[in-house]
Amino acid sequence: MDPARHRSADARSAAEAPTSFEDVLATAYVPLQRYLLRRTDRTTAEDVLGDVLLVLWRRVDDIPADAVLPWCYAVARRCLANQIRAEGRRERLLRRLADEPAPVAEPADPRLLDALAGLGDTDREVLRLWAWEQLAPREIGTVLGISANAASIRLHRALGRLRVRLGTRKDGGRGGHLLGQVPGGEEASR
Amino acid sequence: MNDSDADLRARLAALDPMPPSAVPEPLARERAEQILEAAMTESRSTRRRPLLLAAAAAAVLVAGTGAALLTGDDPAPTADPPTTLELALPAPDVSASCVEFRVEYLADMPTAFAGTVTDISDAAVTFDVERWYAGGSADVVIVAKVDSTTSAVLDAVTFAAGGEYLVTASEEGVLNGCGFSGPASPELTAAFAEAFPS
Chain A
1 MDPARHRSAD ARSAAEAPTS FEDVLATAYV PLQRYLLRRT DRTTAEDVLG DVLLVLWRRV
61 DDIPADAVLP WCYAVARRCL ANQIRAEGRR ERLLRRLADE PAPVAEPADP RLLDALAGLG
121 DTDREVLRLW AWEQLAPREI GTVLGISANA ASIRLHRALG RLRVRLGTRK DGGRGGHLLG
181 QVPGGEEASR
Chain B
1 MNDSDADLRA RLAALDPMPP SAVPEPLARE RAEQILEAAM TESRSTRRRP LLLAAAAAAV
61 LVAGTGAALL TGDDPAPTAD PPTTLELALP APDVSASCVE FRVEYLADMP TAFAGTVTDI
121 SDAAVTFDVE RWYAGGSADV VIVAKVDSTT SAVLDAVTFA AGGEYLVTAS EEGVLNGCGF
181 SGPASPELTA AFAEAFPS
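Protein sequences, first through last, are from chains A and B.
Read the first sequence against the numbering used here and you will find it ends at 190, with the numbers running on by one and no gaps.
Read the second sequence against the numbering used here and you will find it ends at 198, with the numbers running on by one and no gaps.
Next comes chain A alone, as it looks inside the complex:
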């Protein structure tokens, strides 16, 4: 999960071109704002953004030029987790999650929202990175500190569990297998 560790693991494959802090800000500042505002309230987002910028400044030499955004998201994810742990803002985060559809102009998709809320943290984060940050599995791997292959598998499984919760998974065998992995028997009663 530590981006630096992840980078050193495959540093040879990463582009070695130096990345300036200025370039990083130009690329990542607004996406980082979005990332944080998607996951927490504004006050927390402001606090965490300061922490993230500090880390990025200190570690600018470690940022791979070919994966600036995923690397920055990884920092933001960790800083946000630290903040929530440190300040007990989980309640606020949950409130924010409940409020999420509010800023969307179109009618929300309550079934999908329910299904998403019912997933585990990692599944939900994988799906958000995929659909909101529009990351490819390889980039999701960078954010989560796992391999591209592992990220593909997690995404596939998260989608499977989401479909189970949506009740759209009709293929008996695999669906049954996935059902077994879902905590709680909510969908069984549907």
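Treat the hints with care, since some could be wrong.
[What the hints assert, rightly or not] Lysine to any residue pairs mimicking SDA-like chemistry, simulated, CA-CA at most 20 angstroms apart:
#1 B:Lys145 with B:Ser121
#2 B:Lys145 with A:Thr19
#3 B:Lys145 with A:Ala26
#4 B:Lys145 with A:Ser20
#5 B:Lys145 with B:Val129
#6 B:Lys145 with B:Thr116
[What the hints assert, rightly or not] Just so you have them, the derived chain B footprint on chain A, three or more residues with Cβ under 8 angstroms:
#7 23-34
#8 130-144
It should be emphasised that the hints constitute simulated quantities derived from the structure, not laboratory data.
Because the structure is a prediction, the values reported are computed rather than measured.
Using N, Cα and C, we set each Cβ at its ideal position, and we do this for glycine too.
Take the given structure of chain A and dock chain B to it, following the hints.
Relative to chain A, chain B alone:
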């Protein structure tokens, strides 16, 4: 119903509380910059890498008030309208620290104006000046970029064509970052109004 991955991705994207169409308001830059300032102060002696947030110190290019140098079609030593002021973005090799944002410091800035970005080229950012708060009367301000590979960025501020900004510069004609230049937010507009009472 059997959603394809693409369909599900689209449905999920529709739940995005910050969709691409929504432009996030700038978060509190002062707060972020205070943290960076503290970090820089503590590590400046051990780290040589320049911090671009540190805008205030670098003297790179010279400002000539009223000099129509860059337009190239006005050889007259005294400028005819529209007058142009040339400033510069800080060099990327500058090592200096931010001072805390304070209206008193803002009031000391020798150059301060409100303007709209009308053009961004490889070499410069051009502002149409709407109002001078201090230090000038030119109609147009051209801010030279350090080099063509440097984007039009001043610390956390990315200049965009059509955007309205409040800008200050040092006596050397170098734009100030550290919160002393930025998008014309209500907060910054209020700070300029307080610093430069008309």
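Hints and how they fare:
Of the pairs offered as hints, the one joining lysine 145 of chain B and serine 121 of chain B holds, with about 9 angstroms between alpha carbons and a cut-off of 20 angstroms not exceeded. A C-alpha spacing of about 18 angstroms is found between lysine 145 of chain B and threonine 19 of chain A, which places the hinted pair at or below 20 angstroms, so the restraint holds. The straight-line distance between the Cα atoms of lysine 145 of chain B and alanine 26 of chain A is roughly 14 angstroms, inside the 20 angstroms bound, and the hint therefore holds. At most 20 angstroms may separate the alpha-carbon atoms for a hinted pair to count; lysine 145 of chain B and serine 20 of chain A meet this at roughly 15 angstroms.
A C-alpha spacing of about 18 angstroms is found between lysine 145 of chain B and valine 129 of chain B, which places the hinted pair at or below 20 angstroms, so the restraint holds. About 17 angstroms separates the Cα atoms of lysine 145 of chain B and threonine 116 of chain B, which keeps this hinted pair within 20 angstroms; it holds. Check on the region 23-34 of chain A: 7 of its residues sit with their Cβ under 8 angstroms from a Cβ of chain B, so the three-residue criterion for coverage holds. With 4 residues having a Cβ less than 8 angstroms from any Cβ of chain B, the region 130-144 of chain A passes the three-residue criterion, so the hint holds.
Figure legend: structure checked against the earlier numbered hints; every hint is met.
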